[in-house]
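Position chain B against the provided structure of chain A, taking the given hints into account.
Note that the protein sequences, when read in sequence, are chains A and B.
With numbering that gives the first Met the number 0 applied, the first sequence corresponds to residues 0 to 406, in that order.
With numbering that gives the first Met the number 0 applied, the second sequence corresponds to residues 0 to 420, in that order.
Hints in this document: simulated from the structure, not taken from any laboratory.
There may be inaccurate statements among the hints.
Unchecked claim - Using 30 Å as the maximum straight-line C-alpha spacing, the simulated BS3-like pairs for lysine-lysine come out as follows:
(1) A:Lys312 <-> B:Lys6
(2) B:Lys190 <-> B:Lys294
(3) B:Lys190 <-> B:Lys55
(4) A:Lys242 <-> A:Lys155
(5) B:Lys337 <-> A:Lys249
(6) B:Lys6 <-> B:Lys73
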Amino acid sequence: MTYHLPSRPKTPRISASLSGLKPNAASSNPLELSRQLAFTRRDFLRTAAGVALGSTLLHSPVALAGAALRKRKVVVITFGGGARDQETFAPEGQENIPHLIRELIPQSSFFTQVVNRGILGHYVATASLATGVYETVNNFASLPPEHPTAFEYFRKDLKRPSSDAWVVAPSNGFNRIGESNHRSYGAGLGARVILPKHLLTAATSGGASDYEHLLRDNYETPFYTPELGGNEFELHQLGMMLKLSVDDFKAHARTLSSPDELSVYIARRLMRQVAPSLLWITMHDIDIAHAGAYSLYIDGIRRTDRLCAELWKTIQSEPEYADKTTLFILPDFGRDSDDDSGGNGFQHHRTGDALSRTTWMMALGAGVREGVVYDRAVESVDLVPTLGSMLGFSASLAQGKPIAELL
Amino acid sequence: MLPLDLKPEQFAGYPPEARKLVTEYLIALRRLPLSFLPSLLREVVDYDFKFPAERKALEKELVNLSSLSTEQTKEWFQGFAAIRLSGALEQFDWVNAPAQFVEQLSSHLWTTHQLDAFRVAATAYAERLRAAVPPEAPAIPRLGITVIGQGVDAHEEVLFRKLRPHGAYFSHVQPENGLALLLDAMAKRAKAHPAVHAHWYIDGGQAAEHDAALTCVSYGALEPARGALSNKMRAEIERPGMGPETLRTLLAQLRPADLGFGRGADRGTNQANDATGDASGGKGGDAVLDRFQVKLLTEGSGTQVFSTTFAQWAAREALRRAQPLTLLVRFAPRQRQKPMNEMLVGSGGPPELDPLGSLVDADIGAYYNWLNQQRLPGAEQSSFLVWFENHGEAVAIGPSMPRGTESTTVVDLQGMLSWMA
Numbered sequence: 000m001t002y003h004l005p006s007r008p009k010t011p012r013i014s015a016s017l018s019g020l021k022p023n024a025a026s027s028n029p030l031e032l033s034r035q036l037a038f039t040r041r042d043f044l045r046t047a048a049g050v051a052l053g054s055t056l057l058h059s060p061v062a063l064a065g066a067a068l069r070k071r072k073v074v075v076i077t078f079g080g081g082a083r084d085q086e087t088f089a090p091e092g093q094e095n096i097p098h099l100i101r102e103l104i105p106q107s108s109f110f111t112q113v114v115n116r117g118i119l120g121h122y123v124a125t126a127s128l129a130t131g132v133y134e135t136v137n138n139f140a141s142l143p144p145e146h147p148t149a150f151e152y153f154r155k156d157l158k159r160p161s162s163d164a165w166v167v168a169p170s171n172g173f174n175r176i177g178e179s180n181h182r183s184y185g186a187g188l189g190a191r192v193i194l195p196k197h198l199l200t201a202a203t204s205g206g207a208s209d210y211e212h213l214l215r216d217n218y219e220t221p222f223y224t225p226e227l228g229g230n231e232f233e234l235h236q237l238g239m240m241l242k243l244s245v246d247d248f249k250a251h252a253r254t255l256s257s258p259d260e261l262s263v264y265i266a267r268r269l270m271r272q273v274a275p276s277l278l279w280i281t282m283h284d285i286d287i288a289h290a291g292a293y294s295l296y297i298d299g300i301r302r303t304d305r306l307c308a309e310l311w312k313t314i315q316s317e318p319e320y321a322d323k324t325t326l327f328i329l330p331d332f333g334r335d336s337d338d339d340s341g342g343n344g345f346q347h348h349r350t351g352d353a354l355s356r357t358t359w360m361m362a363l364g365a366g367v368r369e370g371v372v373y374d375r376a377v378e379s380v381d382l383v384p385t386l387g388s389m390l391g392f393s394a395s396l397a398q399g400k401p402i403a404e405l406l
Numbered sequence: 000m001l002p003l004d005l006k007p008e009q010f011a012g013y014p015p016e017a018r019k020l021v022t023e024y025l026i027a028l029r030r031l032p033l034s035f036l037p038s039l040l041r042e043v044v045d046y047d048f049k050f051p052a053e054r055k056a057l058e059k060e061l062v063n064l065s066s067l068s069t070e071q072t073k074e075w076f077q078g079f080a081a082i083r084l085s086g087a088l089e090q091f092d093w094v095n096a097p098a099q100f101v102e103q104l105s106s107h108l109w110t111t112h113q114l115d116a117f118r119v120a121a122t123a124y125a126e127r128l129r130a131a132v133p134p135e136a137p138a139i140p141r142l143g144i145t146v147i148g149q150g151v152d153a154h155e156e157v158l159f160r161k162l163r164p165h166g167a168y169f170s171h172v173q174p175e176n177g178l179a180l181l182l183d184a185m186a187k188r189a190k191a192h193p194a195v196h197a198h199w200y201i202d203g204g205q206a207a208e209h210d211a212a213l214t215c216v217s218y219g220a221l222e223p224a225r226g227a228l229s230n231k232m233r234a235e236i237e238r239p240g241m242g243p244e245t246l247r248t249l250l251a252q253l254r255p256a257d258l259g260f261g262r263g264a265d266r267g268t269n270q271a272n273d274a275t276g277d278a279s280g281g282k283g284g285d286a287v288l289d290r291f292q293v294k295l296l297t298e299g300s301g302t303q304v305f306s307t308t309f310a311q312w313a314a315r316e317a318l319r320r321a322q323p324l325t326l327l328v329r330f331a332p333r334q335r336q337k338p339m340n341e342m343l344v345g346s347g348g349p350p351e352l353d354p355l356g357s358l359v360d361a362d363i364g365a366y367y368n369w370l371n372q373q374r375l376p377g378a379e380q381s382s383f384l385v386w387f388e389n390h391g392e393a394v395a396i397g398p399s400m401p402r403g404t405e406s407t408t409v410v411d412l413q414g415m416l417s418w419m420a
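In isolation and in its complexed conformation, chain A is listed as follows (with noise of 0.2 Å):
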């Protein structure tokens, strides 16, 4: 068997020599930087799908009919490891994306510079999103955020069960990803939380040669699966929660190639069993760039299109999430610039370039305006607050702020 090498999303990777370091070519200011990379977001945006300049809509009827919404449904999917414009936004990156770019893009509230000022690697940054704080716990490590989630500002401010809210995460790494060690929140108030690739372990118990790839618990350290610690989804839950056989399970697992596609299947027996109001998926394909095939970074990126067309589309069918529901679809940082010298293109987020640090978000569904473009700034720890605005809690402790374009 081999091992991928790890990557260190927690290092800067103070480049070998720093006497080797060389400024980026258009300009070594971050934030301008950023700004430049959103107006080329929605240059290609506006050549691809047709949307709209964003100020002009605002206080728009259908916002007015979304603000009305009872009973308002979230689902937010990220995914872990980024991907670049080149890859997909721009024009030759176009043809990756064609879900994103003809189907989703036209129906939703664009956001070209989401901004993450926090560390860059895919646990702690999942953890902000998830907190609204730029969290700091050790990435590689089994440990809970440290501020309160959305899932517990959600459930302790309206008063919600447990199947309220549910997390479908990748690895084992993300187990503690639903519920902080914050000492007003924390126990008992946090999302269930399902690990797909977990699950399969159990219930496949070793009975394959190859089953060690599968395990591998992340691309950024796969070689190591940190031990469970939180209240993760148990084997016999499946069939009590989401009424699927074991045998069932395995079966389908044998159609798919890859551990996302598990996450969506999941993801949507959950919405059809239990139906959460809050559930926040979180996929991690496209983070195989680590170990430096860019063909498979491409297969993972199209991959991802297609199973987040798929989840609008469940939505959209499903009864219970069908018109009342907002999708949020954001990566939770970006990779590193062919131009740094410091990194190696696509296959790290390790410079904190503004390349790797500014990403973008897409909303659509219930209250959220159709085709729109906004260049603002936003960071990735406004999402938590924005979320609060729509479904009625308070996110007192994050420290980003609800993004108006949505409320």
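Same frame as chain A, now just chain B:
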């Protein structure tokens, strides 16, 4: 401990030449901020195992630092001096473990949101240094060659999309005997301009027959070392309490002998020491190259698993560190990544190859090879050739090649190289 407290005897654990170097410049090092100095010491401690170009650059940097007045030093390093460090970092044994210190500094910079400030300081320092000590121009214009697509008969993707705007695309290259022609041209350059580790051949599979004047690294020849490393990692991972940080530290401590280097048949390298007889002035040239190869496997992500990743990363590191005058990189098919359903079935058997996926990997790899070559001194005079192996497509980039053009001229690779010269 702070830099001001440095004493010569604290460097007793350094290899002999590194110790001599650091002692010589100790007065200058004492004036440097702690947020900077260990990064420099991380380079110094490996001085005995560095390529000639790296040694020269490091020596010049130290000479420059020692030439700065106290006021100038403050001005040069004010950005680094403003970085706030923790007590734990100050207590760390950064003299003897500078690389581990830098790892912890990295984590500290992320968690305290000082990464951007560090980047600004580092970039400013690099610009000042480049102005004060301009990089040395190469003895002859550099030539980079990348060969992609081994094992591919037909493909649908448009090749060289990123490189075509920078040079001339040729659609009727005569492919016969192409690799041998290229390696021949490499050998002639190496013999005409002999220098240690200046002319490289990197192969993502088994190396083709080549002249001993070339420094050669190949994925195929490193199979025993890759196997040894994989076994070591497996053993470490299974130990209780092992985590990624600890494992990484252990990997960084591996030496060539730990992976079977220096045992004759397993070396997988040969090199041209005919110019000076010794690559590192006192240490054997093999030791330098062996360390380089160990680092490719222990520091490169994916280099053990995918031959395309290995070839690209090896080229990147050779360019960054050895600054070769000539570099030929040949990509080979990597193993196929099985989809989940196949893994669940557990088909067993030897890994299949994925030539088409490897072609896509190698195409972007060629672009990165060119980018990394262009980061070196003399970029405006450098040339670069990428060829689809055993096929008629190639792109030639260089001062004599018109940008963004296409040619249907029938030409062999030797002819193309002569146009580029």
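Tell me, which hint numbers fail for this structure? When the structure is compared with the hints, only number 1 turns out to be violated.
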